[in-house]
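Generate coordinates for the entire structure from the input sequences, incorporating the hints supplied.
Residue numbers (the working numbering), protein chains in the order written: chain A, 1 to 181; chain B, 182 to 466.
Calculated from the structure, these hints are not laboratory results.
Here are the simulated PhoX-like cross-link-like pairs (lysine-lysine), alpha carbons at most 25 Å apart as the crow flies:
1) Lys115(A) x Lys94(A)
2) Lys90(A) x Lys389(B)
3) Lys31(A) x Lys163(A)
4) Lys392(B) x Lys90(A)
5) Lys355(B) x Lys90(A)
6) Lys110(A) x Lys180(A)
7) Lys43(A) x Lys241(B)
8) Lys241(B) x Lys65(A)
9) Lys45(A) x Lys24(A)
10) Lys302(B) x Lys65(A)
11) Lys65(A) x Lys355(B)
12) Lys45(A) x Lys241(B)
13) Lys180(A) x Lys107(A)
14) Lys107(A) x Lys20(A)
15) Lys389(B) x Lys65(A)
16) Lys308(B) x Lys24(A)
17) Lys241(B) x Lys308(B)
18) Lys308(B) x Lys355(B)
19) Lys43(A) x Lys134(A)
20) Lys139(A) x Lys24(A)
21) Lys392(B) x Lys164(A)
22) Lys392(B) x Lys31(A)
23) Lys308(B) x Lys65(A)
24) Lys31(A) x Lys241(B)
25) Lys455(B) x Lys293(B)
26) Lys107(A) x Lys134(A)
27) Lys65(A) x Lys392(B)
28) Lys308(B) x Lys90(A)
29) Lys43(A) x Lys24(A)
30) Lys308(B) x Lys45(A)
31) Lys308(B) x Lys43(A)
32) Lys163(A) x Lys392(B)
33) Lys241(B) x Lys164(A)
34) Lys327(B) x Lys376(B)
35) Lys24(A) x Lys180(A)
36) Lys139(A) x Lys20(A)
To list a few chain B residues with every Cβ distance to chain A over 10 Å, as calculated:
37) Lys302
38) Met304
39) Pro311
40) Ile322
Nothing here was measured: the structure is a model prediction, and the numbers come from that model.
Heads up, the beta-carbon is just placed ideally off N, CA and C, and yes, glycines get one too.
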Amino acid sequence: MKKIFILIMFFCSILVSAQKYYTKTGVTEFKASVEAFESVEAKNKSTTAILNTNTGEFAALLFIKSFHFDIALMQEHFNENYMDSDQFSKATFKGEIAAFNLDELTKSDKNFTLKGILTVRGISKEVETIVRLKRIGSKIVLDSEFNVSPQDFNIEIPSIVRKKIAESIHLTLSYELVEKI
Amino acid sequence: MKRHLVLLALTFLCINTVNAQDDLLNELEDEAKTKDITYEQPAFKAMKIGNLQSTKVAAKGELYMYVSHRFGALNDGFDTFFGLDNANTKIQMVYGIFNGVQIGMARESIRKTYSSHIKAKFMSQSKDFPVNIVGYATVNIRTDIKEDKYPLLQFADRMSYATQLLVSRRLNNKFSLELAPTFVRQNLVLEPFQKHNQIALGVGGRYKISKRMSINADYVYNFSRHEDSIYNDPLTIGLDIETGGHVFQLLFSNAQSTNEPGFISNAEGDWFGKVFFGFNIVRVF
Chain A
1 MKKIFILIMF FCSILVSAQK YYTKTGVTEF KASVEAFESV EAKNKSTTAI
51 LNTNTGEFAA LLFIKSFHFD IALMQEHFNE NYMDSDQFSK ATFKGEIAAF
101 NLDELTKSDK NFTLKGILTV RGISKEVETI VRLKRIGSKI VLDSEFNVSP
151 QDFNIEIPSI VRKKIAESIH LTLSYELVEK I
Chain B
182 MKRHLVLLAL TFLCINTVNA QDDLLNELED EAKTKDITYE QPAFKAMKIG
232 NLQSTKVAAK GELYMYVSHR FGALNDGFDT FFGLDNANTK IQMVYGIFNG
282 VQIGMARESI RKTYSSHIKA KFMSQSKDFP VNIVGYATVN IRTDIKEDKY
332 PLLQFADRMS YATQLLVSRR LNNKFSLELA PTFVRQNLVL EPFQKHNQIA
382 LGVGGRYKIS KRMSINADYV YNFSRHEDSI YNDPLTIGLD IETGGHVFQL
432 LFSNAQSTNE PGFISNAEGD WFGKVFFGFN IVRVF
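This is the structure we're talking about:
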């Protein structure tokens, strides 16, 4: 009788506990540069991201203040004037990689479709993009890029600098996920 | 049977704890509890609140150019076109030599003064520390007095100094306050009864009225001012307008000098008569 209980318990945990891969040092970059003007770009090297390898569900989270610009003043303006980082400290993504199968991943890139909701400044927007996945050793490497526009998240750009900031902002993601124990 | 119940309970508990983490985003929220110090955003946008130095320090490698203008007294009326004819102009270059340390050189017309300064950030406001602390020191050399008029004049007489400790806090998104204990040394005082060493306390603040505009004010109380002095404590009220790499500061003050030994010791105007209109323009390269 006791053995059966232990067996049930064991099964339950296996059934419910999902296999997950994650990172805390994912790199998220954006470029909003316009040729002939100062480059407007920043890098966030502390993005957390997690992938459920059973279901293909994927989520990512980053702190806006952790975006690093080469020009300190630009970073200050980004946080204070454009992103309201005190009020909206983080940006999140939650979605699913369609037809994800861990066994299909190899050493070379394989394309998948990632669909989900990107939330920036408290405003959610649906995003669909291609992600490239590969497996290197025990890591899953995820690369992707997509474009967003500042208007989608109610980011006001004053007329005086409108020419210097691209209308479409290019985001690049590069996450190396390791198994979460 | 009792033991079985316990096991059963444990099983459920086990399922529950795993279930609770089903939402990936929630799981991330727990992971993402950041350990690194996140600094508060700066208390002030420009290096000056109005006349008083703010706790902003140029980042390493940043070059700022300041052009400050203080027109003559408004109450001069049409005679000088409300002070337009007697403007004091200051041009200053500021450079961030290390992270948190800036140096600057300037020349202003009033008393033909050359000045240099060093400003260093000691502490930044963060979740763990309540205030920004910055040290500021400036040396001024006035070159308007001539030796043929004052034969006993020595070079040291041209010098004046100011040292300040600037302590500021961004109280919320809109409101920031600063306190500035100050020591001023005037090798040559303009009034014979005035002390050479002067202790003063500056107070300044800003209130943002929109994302890119703020109302700023600063006041310096000079404890060492002689009661018969014709000079007053400087009060400056201004409006900051920020546009990308520029900050425009439009202001009214009862001091015409923009250097610390100048406006803290020798503010020649008063708010009930002689007020100067002026502006600072900042451009970052």
